[in-house]
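K.L.:
Here is what each chain is made of, one letter per residue.
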Amino acid sequence: MTSLDLSTGSLRDVNAALQTAESGEFVITHPQGAHALACGLNASVEVKIEGPVGYYCAGMNQLATVLVDGNAGTGLAENIMSGSVTITGNAGQSAAATGHGGLVVIHGNASARCGISMKGVDIVVGGNVGHMSAFMAQAGNLVVLGDAGDDLGDSIYEARLFVRGSVASLGADCIEKEMRPEHLEFLTTCLTESGMDADVSGFRRYGSARTLYNFQPDDVDAASESTERSDG
Amino acid sequence: MCGIVGLFLKTSRHEPELGRLTALMLEQMRERGPDSAGFAVYGDDKDDRTKLTVLSEGINTDWGEVCSQLETALNGAVTHRMVLDHAILETALDGTDVRDWIIKNVPKSTVLGSGHAIELYKAVGDPRLVAERYGLADRAGTHAIAHTRMATESAVTTAGSHPFSTGKDSCLVHNGSLSNHNLLREILESKGESFQTENDTEVAAGYLAWRLREGDTLVEALERGLDELDGFYTFCIGTRDGFAVVRDPIACKPAVMAETDDWVAMSSEYRAIAQLPDVGDAEVWEPEPARIFAWSRT
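Residue numbers (my numbering), protein chains in the order written: chain G, 979 to 1210; chain Z, 7 to 304.
Chain G on its own, in the form it takes in the complex (with noise of 0.2 Å):
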């Protein structure tokens, strides 16, 4: 294990092992709020980060395992490709956004837009998100343990969101779905994965009526036989 301290080392050189290393573990000591922490891993690599950070921490992740024992400011974990990044604390706005894969677990509160534009990342959320998560969602899964702040899932495409607490307010376009054995499936899962304890028959899910959008999910394989949207 390789331990780092951000009240010696620079913030370059501290990002610059870990962007290097192939595997190993490390902590990260004294981050005092920095911004852009952990950006850009690609292996699989396991961090710690004793502390609070800023912006964009672990932002662009690939297979590597982050873990942020603290809050963490606007951008946590953007645009992750796979790979996991769990805080035990509360994420600042936009937490997941545009993110492609893996998962985000976020112990605390969520702000506003947690997993905007997501395209197929999973994010679990212990406490409350903020207003307009999961605006314009693509892909993927928004798990909220908490309550929803106002227009949930605004203009979604086909992501799929749960919500155990109470929706302050759904956006435009988006509505409650039944659960299915499937969705349950998946949150048992899911939740086992990101180490939460909730009980999956509290939730409701919602996703996009599909009214606002042209596409077509048949027209992405014009040669698949398909016959049936794929109910997000």
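Take these hints with a grain of salt, some might be off.
If you only want the chain G side, here are some residues facing chain Z, beta carbon under 8 Å, derived [to be verified]: (1) T1007; (2) Q1010; (3) P1030; (4) N1068; (5) H1085; (6) S1089; (7) H1109.
Example chain Z residues on the side facing chain G (calculated, C-beta under 8 Å, incomplete) [stated by the list, open to error]: (8) A257; (9) V262; (10) E275; (11) Y276; (12) R277; (13) A280; (14) V290; (15) E292; (16) E294; (17) P295.
Treat the hints as calculated values from the structure; they're not laboratory data. We treat Cβ as the ideally placed atom computed from N, Cα and C, and that holds for glycine.
Using the hints provided, position chain Z relative to the given structure of chain G.
P.N.:
For chain Z alone, kept in the frame of chain G given last:
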């Protein structure tokens, strides 16, 4: 961009080091606003005396002479001390009368703030140098608000720097831009507010000053402001014994807050708050949009 910081002490424990802590926070926001900076410090509060901070850009202005003229015109004692190009006047006279007299009679001067507790300094240049030149780190007090500016809506001038104060002991810093400030300025002028710059934030400060003068509490004034101020904003506001933070309903401009038993702090970025004592024990959160967070010392 712009960076803002605010520190409100809930107990007297850190009062002697208010300025030092605020300077540490401001230093972290240099990159967000490298063109100018300013700070307001609340302290040495006395009921029977008003302090006025006046930016004096006329190199030949003799503030001893100005004070003599003021004493004759308004019939009361006025003393002054200089902190570089800022004159700090102290008087038992009505602060509004003194402010209006200075605006009318002293060319190349801008009344930055007045009240029982507030002193307000601002200048063009690197925020670190501004803090050093005006001795921020040495100041004691109960609460402070500071700003680093990257100008968008008006020119890079000292008078256009934040914080803005138009009412007694009230001041405001702003990250964002208002879109209806010209209309609001005209409306407020018709209600008796006077403005010294073309700056949008001064209009927001004037709006709050007007509402407070009309009898609103700070929270009431801010609630009304959510309806009437159009644009992007994270505001941090100080009053004689109060402190508040509010963001517009969309909340694109950043803000983070933290609170312990001894203090409440806000900033554009957490790294400013990371400088504060016992921050490891603080509750830290991003303030929700269109919600007013307010504290007061009673």
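K.L.:
Which numbered conditions among the earlier hints are violated in the structure presented, ordered from lowest to highest?
P.N.:
Structure breaks hints 1, 5.
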